[in-house]
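Visitor: Sequence:
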Amino acid sequence: MPHLTRLTPGTASTGLRTGFGIPGFAHPLVAPAEWAELTRPGTPLHWVVLNIAGNGPGARPDPHCLEAAGRLRNAGVRVLGHLDATYGARAYGELVSDAHHYIDWYRVDGFLLDRCPTERVALPEVRRTVSTLRAIHGDPHIVLGHGTHPYPGYLEHADQLVTFSGTWSDYRWSQAAEWTADHPPERFCHFVHGVPRGHLDEALRIARWQGAATIYFTDRTDGWGRSDPWESMPGYWDDIVSRIGTGVSE
Numbered sequence: 001m002p003h004l005t006r007l008t009p010g011t012a013s014t015g016l017r018t019g020f021g022i023p024g025f026a027h028p029l030v031a032p033a034e035w036a037e038l039t040r041p042g043t044p045l046h047w048v049v050l051n052i053a054g055n056g057p058g059a060r061p062d063p064h065c066l067e068a069a070g071r072l073r074n075a076g077v078r079v080l081g082h083l084d085a086t087y088g089a090r091a092y093g094e095l096v097s098d099a100h101h102y103i104d105w106y107r108v109d110g111f112l113l114d115r116c117p118t119e120r121v122a123l124p125e126v127r128r129t130v131s132t133l134r135a136i137h138g139d140p141h142i143v144l145g146h147g148t149h150p151y152p153g154y155l156e157h158a159d160q161l162v163t164f165s166g167t168w169s170d171y172r173w174s175q176a177a178e179w180t181a182d183h184p185p186e187r188f189c190h191f192v193h194g195v196p197r198g199h200l201d202e203a204l205r206i207a208r209w210q211g212a213a214t215i216y217f218t219d220r221t222d223g224w225g226r227s228d229p230w231e232s233m234p235g236y237w238d239d240i241v242s243r244i245g246t247g248v249s250e
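Read left to right, the sequence shown gives residues 1 to 250 (our numbering).
Treat the hints as calculated values from the structure; they're not laboratory data.
Incorrect hints may have been included.
Cβ-Cβ distance ranges computed for the label pairs, FRET-style [to be verified]:
1) 202 <-> 41: 26 to 36 Å
2) 124 <-> 179: 13 to 23 Å
3) 63 <-> 182: 20 to 30 Å
4) 198 <-> 60: 40 to 50 Å
5) 36 <-> 93: 32 to 42 Å
6) 33 <-> 243: 19 to 29 Å
7) 202 <-> 60: 26 to 36 Å
8) 41 <-> 93: 19 to 29 Å
9) 32 <-> 124: 37 to 47 Å
10) 177 <-> 202: 29 to 39 Å
11) 26 <-> 91: 19 to 29 Å
12) 156 <-> 89: 21 to 31 Å
Given the structure is predicted, the values throughout are model-derived calculations rather than measurements.
Every residue, glycine too, gets a C-beta built ideally from N, C-alpha and C.
Using the sequences provided together with the hints, build the complete structure.
Guide: Given below as structure tokens:
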């Protein structure tokens, strides 16, 4: 099973193949089949996000989430705790407190700092948060979930950036920022919802053309903001697993 290795800014590609970054399924009691499927041998996973209470670790340890995270880690899958930066509005102390809970309760391997700011002016505070996360964990995998292309300096402080998160209708006409071409695909992630089965090959080609090695495509939609498209697997899960496993032509 392929996994990401730590890359420092400016390093060459390690040749990591395209694989999944799972933004966070629903609670294991609500989506047991999804969590069980992630431990199937051969699934091309880079990491899975654990999001207990919709925006963090919750108020107390959850035994069902602990069990799900343990199964993934025993299968060699990296588990990340979900931290909601709320575009810079979330207090530094709250983020660090949530991170401590994820480490103490679920032994996570790193963090997705979701809804991360993108502006240059917000970079010092994000750098402060990431530096603390590295200090309290030791060797965390850090993903900054901007959802769009941020100021390039953010890449110096993270292992990966989510540079697209949105709808298929937006993704098929999207373009990568020019500065991303100076870095290997291992540094970038794309999350796309509403992708029809008939357009999977096209979506995978876009990810490759734009240089993103970690992806998650689903036919689920956000229901015009009323639902979370990432909570369950796409109807074509087996199909996309097969396509990534065998490779898609350019």
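Visitor: Using the C-beta atoms of residue 36 and residue 93, is the stated range 32 to 42 Å upheld?
Guide: The hinted range 32 to 42 Å holds for residue 36 and residue 93, with Cβ atoms some 36 Å apart.
Visitor: Regarding residue 33 and residue 243, is the given constraint of 19 to 29 Å on their beta-carbon distance met?
Guide: Holds, at about 21 Å.
Visitor: Please test the hint of 29 to 39 Å on the beta carbon pair from residue 177 and residue 202.
Guide: violated, 21 Å
Visitor: Is the gap between the beta carbons of residue 124 and residue 179 within 13 to 23 Å?
Guide: holds, 20 Å
Visitor: Taking the Cβ atom of residue 41 and the Cβ atom of residue 93, is their distance within the range 19 to 29 Å?
Guide: Cβ of residue 41 to Cβ of residue 93: about 41 Å, so the range 19 to 29 Å is violated.
Visitor: Is the gap between the beta carbons of residue 63 and residue 182 within 20 to 30 Å?
Guide: With Cβ atoms ~45 Å apart, the hint is violated.
Visitor: Has the hinted range 40 to 50 Å been met by the Cβ atoms of residue 198 and residue 60?
Guide: holds, 45 Å
Visitor: Look at the Cβ atoms of residue 32 and residue 124 and judge whether their distance stays inside 37 to 47 Å.
Guide: Holds: the Cβ-Cβ distance is about 42 Å, inside 37 to 47 Å.
Visitor: Could one say that the CB atoms of residue 156 and residue 89 fall in the range 21 to 31 Å?
Guide: holds, 23 Å
Visitor: Taking 19 to 29 Å as the stated bounds, is the beta-carbon spacing between residue 26 and residue 91 within them?
Guide: holds, 27 Å
Visitor: Is 26 to 36 Å a correct range for the gap between the Cβ atoms of residue 202 and residue 60?
Guide: At roughly 44 Å between Cβ atoms, residue 60 and residue 202 fall outside 26 to 36 Å, so the hint is violated.
Visitor: Given a hinted range of 26 to 36 Å, is it respected by the beta-carbon distance of residue 202 and residue 41?
Guide: holds, 29 Å
The structure fails to meet hints 3, 7, 8, 10 from the earlier list, while all remaining hints are met.
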